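In case you want the letters, here they are:
Protein chains: 2
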Amino acid sequence: MADIAVLGHGVVGSGVLEVLLTHTQSITRRAKEEIRVKHILDLREFPELPYAGSFTKDFKVILEDPEVTIVVECMGGLEPAYTFVRKCLENGKSVVTSNKELVAAKGAELLALAQKNNLNFLFEASVGGGIPIIRPISQCLAANEVGEIAGILNGTTNFILTKMIREHMGFEEALKLAQELGYAERDPSADVEGADACRKICILASLAFGTHVYPEEVHTEGITKITLEDVAYADAWGGVIKLIGQVSMLENGHIAIMVAPMLISRESQLANVDDVFNGIVVRGDATGDVMFYGKGAGKLPTASAVVADVIDCVKHMKARKYLFWEEARPDYIEPFESIKGDFFLRIQGDCSSDETFAKAAEALPGAARIVRREEAKGEAGVTVENISEAGIRERLLRLEESGVRVLDRIRISDF
Amino acid sequence: MADIAVLGHGVVGSGVLEVLLTHTQSITRRAKEEIRVKHILDLREFPELPYAGSFTKDFKVILEDPEVTIVVECMGGLEPAYTFVRKCLENGKSVVTSNKELVAAKGAELLALAQKNNLNFLFEASVGGGIPIIRPISQCLAANEVGEIAGILNGTTNFILTKMIREHMGFEEALKLAQELGYAERDPSADVEGADACRKICILASLAFGTHVYPEEVHTEGITKITLEDVAYADAWGGVIKLIGQVSMLENGHIAIMVAPMLISRESQLANVDDVFNGIVVRGDATGDVMFYGKGAGKLPTASAVVADVIDCVKHMKARKYLFWEEARPDYIEPFESIKGDFFLRIQGDCSSDETFAKAAEALPGAARIVRREEAKGEAGVTVENISEAGIRERLLRLEESGVRVLDRIRISDF
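From first to last, the protein sequence lines are chains F and C. Mapping the first sequence onto full-length UniProt numbering, position 16 (from 1) lands on 16, and the numbers just tick up by one. Mapping the second sequence onto full-length UniProt numbering, position 361 (from 1) lands on 361, and the numbers just tick up by one.
Keep in mind the hints are simulated off the structure, nothing from the lab. All values derive from a computational prediction rather than experimental measurement. Just to be clear, a hint being listed does not mean it is correct.
Put simply, identical chains are the same to the list, so a pair is met inside one copy or across any two.
Said to hold, decoys possible - Below 30 Å or equal to it, Euclidean Cα-Cα: the simulated DSSO-like pairs (lysine-lysine) are:
#, residue 1, residue 2
1, Lys163, Lys32
2, Lys116, Lys32
3, Lys87, Lys32
4, Lys32, Lys225
5, Lys57, Lys377
6, Lys359, Lys225
7, Lys225, Lys315
8, Lys359, Lys299
9, Lys176, Lys106
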């Protein structure tokens, strides 16, 4: 019998209880031990639930119960989750969490603490919901140098972009629909401004390259500025716009990491990841591109990932798991200004006369024009290849000086 | 230091050596121990190789070396691989294999032997090459009831079908090209007749549902009869033809399992798996559809999966891994005749008069016609829903009796 405690009875926490109760037999068989939820921490009361008697409002009850060997943290947010998880790891309890904010902010510290005390700190559910990704990266791809990772890591923004692409719905309208359907929160900023995707790519980057990356250090753009015009140009170019979290190891030992909307070629597997789904491509030197796809959020997918970690934890009570990364170090992250890439630009001017494009071509050597069937009036779309962020900024300044207004600038992904 | 031996220095075996030699540092870090290849079994000699001194022609040297704790079997084929693997497991050596034929034919027996002797028998590389799939199914999805699995499991046939779909190349021509590019063997029958995909779906079914499924028991169709006309009808219907290995758990406790070319809707993730790539969808009750995608074959992808298993094996020397399934049992596999599904039919007759379709509609209640922009002369395509194999056979007999020839019959996948 393995006794566990669950912190937080919200969407994920109640899902964990549901998965444990509906799959008791198969979980016991797989864990080779029965798993019992002895305590559930929540300030609310749920008298109607069959396990109503297991609720407590006092974290100390859990911390001081020597029978509890695994604590499942599903509270979300940094505090009090961080304090509670720390205390658990300091007091001989392994921790499983679905909390991406916690792992992105405190992963290195908590992993070191877990290692020191020979405990597990597992967080499969923190990225990609029910999609197995943390474990495959750390384990199945162990004989591989991972060079790059790119992913659609946020279901809410992917739903909005899918509506914009497929149904030509404007951003605001699509956001409203997402809110109505429960995909977006009332304050949608963590999703649409990219913070959620940023935390997830930080976790993946930390895991794949062994050094903690903090979200504050990562250039993050959301999708609030994406227009239907951009979507139409992307289509004419041969692709779609997706919010991509991306990290790659550079030859100088730095990593290039960012979250930004990007043009993705229709040929890419990521282009076909639609609606609330997530897709993550891991580029290894031996495996080539491997993609993981599925529902990146939701009660049961996320809960099943948490429970899979709990099972793993029960089976490895005496043998610690292998997840680990070092504390962050200075000069590890390539300055955003230096990161090279391809860009799509939407510029204002009279296209029929080709004058605008001529000016663009002058300011942007090598620029190629995107030809649309139904040309938007008074503007043009061009692409520019292999130029640094600093370089493109300087050129666009020059372009603006020549009287051409730059309406939008979106990166082109090479995935 | 962990001493291992590699059986067979062919494509995969030499790849294993290459991965171990080029990634020594990171592999040692991950395995927490250095991995040394002490012996390589091959009848050929490779004097030019840096590890030429490690070759042996005598399996006994490996079997009787007490320092060798893990044996990597990359010989392929059933014999002598089976005899060697058995002897290793009987003599205290864990085994890692990439041999799908061996696992599909002898998995239950070898897993039981490994369990009895507290050893590991791992085979991540046997399905999906470098795509992590065995481990995610058994581990990450542990808190999930897997209900169905469907996959494009053979890269060669997928390459041929992609050429037929995209470039309207005929089957024979596409096969010839695949052979020229080294994707197909001189005798391509194991690929094009579906035997390779069958072994892989057997392994996945055995793992997911816990009972061994032998390839001989699985209805297997290849792609040799697929024509460009079929491809055109599939396109008009809204999809593509793919060779699918599929298994699902039925309510009566039987499994429905088969390998067959199927029509896949363009909306499906599997429809976008092209060329030599593989894609496997695992449908769980909690996670929904999760897809794994990547190169399903090739020297380095496969070798990296083998080496990942070796690393896992080194880390779990004292704790056995969890892979296990029971011996096959009678009445477990649903008779093919009873399996219900949707079908596409291509029938011969004069379409312009609609007479053929009228006859089809009479023999096949509920049949829907596929309208093509450029109608093929003298034939029609129809779809029929939710009918058993026995049922459709009987109806097609009736149709033929009414003078309409059935040219082709292809299942429609619900993935």
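For each hint, the structure was consulted:
no.: 1; hint: Lys163 <-> Lys32; verdict: neither (45 Å within a copy, 48 Å between copies)
no.: 2; hint: Lys116 <-> Lys32; verdict: both (26 Å within a copy, 16 Å between copies)
no.: 3; hint: Lys87 <-> Lys32; verdict: both (28 Å within a copy, 28 Å between copies)
no.: 4; hint: Lys32 <-> Lys225; verdict: neither (51 Å within a copy, 48 Å between copies)
no.: 5; hint: Lys57 <-> Lys377; verdict: neither (62 Å within a copy, 75 Å between copies)
no.: 6; hint: Lys359 <-> Lys225; verdict: within (25 Å within a copy, 57 Å between copies)
no.: 7; hint: Lys225 <-> Lys315; verdict: neither (48 Å within a copy, 49 Å between copies)
no.: 8; hint: Lys359 <-> Lys299; verdict: neither (52 Å within a copy, 50 Å between copies)
no.: 9; hint: Lys176 <-> Lys106; verdict: neither (33 Å within a copy, 56 Å between copies)
Comparing the model with each earlier hint shows violations of hints 1, 4, 5, 7, 8 and 9; every other hint is respected.
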